[in-house]
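> Taken in order, these protein sequences are the chains called R and Z.
By my numbering, the letter at position 381 of the first sequence is numbered 381, and the numbering carries on one by one without gaps.
By my numbering, the letter at position 31 of the second sequence is numbered 31, and the numbering carries on one by one without gaps.
Keep in mind that the hints are not guaranteed to be accurate.
What the hints assert, rightly or not - Sample of chain R residues facing chain Z (criterion: CB under 7 Å; computed from the structure):
#1 P228
#2 P229
#3 F230
#4 P407
Hint data in this document are derived by calculation from the structure and do not stem from the laboratory.
Every residue, glycine too, gets a C-beta built ideally from N, C-alpha and C.
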Amino acid sequence: MPKDHQPNRCGVILIRYGEIALKGQNRGYFERQLVENLGDVLDGDFGADIRRRQGRIFVELEEGADTDEALQRLRRVFGVVSVSPASRVPLDDDDIARAAVDIARRARRLHQRTSPRTPFTFKIDARRANKGFHLTSPEINRWLGAEVLRSIDDIEVDVHDPTLRLQVEIRDNYAYLTGEVLDGPGGLPAGSSGTALGLLSGGIDSPVACWHMMKRGLRMEAVHFYTPPFTGPRSHQKVRDLAQKLARWGNGFTLHMYHFTEIQQAIDNYCPERLRLTVMRRMMLRAAESLADRRSILALVTGESLGQVASQTLHNLQATTAVLRRPVLRPLVGMDKQQIVETAKAIGTYDTSTLPYDDCCTLFVPKHPKTQPSLKEVDKAEEQLPVEQLLSKKEVDTERFDSRGRPLE
Amino acid sequence: MQETKKQTVYLDNSSTTAALKSVRRAMCQAMRDNYANPSSLHRLGMEAERMIEAGRRAAAGLLEAEPEEIYFTSGATEANNIIIRGAAQAYAQRGSHIITSQIEHPSVRLTCRDLQDRGFSVSYLPADERGRVRVDRLREALREDTILCSIMTVNNEVGSIQPLSEIGRELDKKPGPRPLFHTDAVQGVGKVDLPLKEAGIDAMSLSAHKFHGPKGIGVMYLRRGLSVPPLQTGGGQERGLRSGTENTEAIAGMTEAIEWLMQNEEDNRDYLRHLRRRLAELIQQAVPQAVINGAPPGRKHQDVQAPHILNVSVEGIRGEVMVHALEQRGVFASTGAACSTNKRIHSTTLASMPLPQGRIDSAVRLSMSPMNTVDEMKTAAQALKSAAQQLMKG
């Protein structure tokens, strides 16, 4: 019996990954990370068996498993270019032809329901990975094309823009046929590039920034600056909800709730009003860096977009970053608000971000913050502020979420 | 259950109240034994029907009305909608003018706003500095084509009692047919006299969860002889006015709450007045800069101020921040205003009262129930004091 012959399995999901295949000698490492992350989101469900073979990943599901649910989970994993539900059949001409006709018939039925007025066209796209198979790829295309045409009425071939692109992969022990390709997010598998610490405010931008960096293979943690009683339990819950949503993209998420009230009040007492916002950003970044120090994290991530608000001018970016020893990654720096909003909607954070609970940024914003403070001015503005002392009393609550967004103990 | 470290002092009874033990028991029992559909022909159905008719009689007793004038709804929001939309539709041929106030609950105010979008004209009467609707403005607003006047019994944010009897007399003077007079009595029932007959009120809305009954059940009073078209069609329950299987267990619970209310009404009011007075005194001792919005305690204000709400401002501290700070100290209150820095949605009641902006921004509503104790008032006053000390700058 061949090694991967497991009679109780029928549903197969084919996963294509692109970018990581380019990564030369790191390829094996990235692939292993991707397989691990895929396993994480499947979370032991569906009796899934994940195998990597010749530039593809195959996920076999046990009989009766909810293929749609598995597809939805898999297609959120960074590194995945696309996923396809597939039929797996033995390398027997009759079996292969029957599977091809079945897929074409199902697709045509769906097409009739959704757009009955347009003709239904198809194309066979065969790929013979197993060179021992008795037909070449072009021969398979012709053969299966004829089978489909003979078995189904009102169907035409269109090799340029077909309604159905029926892909056939002939592998060592089985043939895999699929007619449906669902896009994945692309990017690199989370965790393959290390860990960074994001500053998560509860607004629209910062979760999107975290998401973009996850897509570049970072495992993300985030710090939220919490200012009770100026903010209440609902804004706390809002940030927790955002962390949960991000966890499902990033194969887990760690959220640090940093009690910031004392620092905030000290800034209000010791710093000139027009520079308070800049000093507050500075203190947040300092506090984030001290957290990163403890956790051996090499970079910070913010949702700043150049010129979007008064605190996001070049002057302010310089003044807030000058006190750091780490790079601050700003994936949104060149994006328009509209682009950011669209991403937030697509990744599911928008509705949470727009709930009307204040965070400290909105509560303490001075009426006319200085947009072009010089480094010298900002240094002077915090002369009275006992920076080291304030940062030494770290009060942080840490919560972790698994890859399905569930809180971990 | 009880936390030893931090006591929970619940002073948000105008938002909702805890259900009485007798209410919980009656509801469990109804779910266990009386689960049949009151419309069913069989004996179990009849028993369920009997239970809801007992509730109807209890509600009628509370309002000194007839059982046939009582309709069960899901709460006051639904009752307000049925009456306001229904009256607008029923009397559309007579006129298209509606009078309400700027300090109504959103379920009245926004329903009128919606009718405005549909071609009705609406006058929103302002309130005075104590939070009472101005009758002189009603006189100016009344028109020949006024078909409906909806004014609440007690304001939910400051606790001001509205001059319903005076309003009723003004409506009497209008030439031609008298407008339908509706009052949302959610904050008034059990706390103040309901001048149903004296003010000539035609319709009234109540909600059980504001007087220790369950959520999801309310009462609509509609004077005998009046009828409005229903908002929803269906099985024709509640004499066709509110189709949908009756919420029997909630009605059973509400019946208990009504009985408790009627048996203890005088004691409850005296006790609430006592609590409000103590709380006001304690706050003024603890936080001298605190200001009361609405009328201060005292016999001479008894007719204009409900006994269960104390609205206070500590200027310089935003109401929302104060609510969070009180919560940290175990005291649960409300702002009555959804106030966001971005969207500055103020308390509509306070904003329409002639008050300084600082007072509006800092208003906090403490609302009592007979379940509260004098000790809790002390805790609340101390919490307010320590929160004010923490949050006051300089």
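> Would you mind marking each hint as holding or not holding in the structure?
Verification of the hints:
1. P228: OK, holds: R:P228 within 7 Å of chain Z, min 6 Å.
2. P229: holds (3 Å)
3. F230: holds (5 Å)
4. P407: violated (22 Å)
Checked against the numbered hints above, the structure breaks only hint 4 and satisfies the rest.
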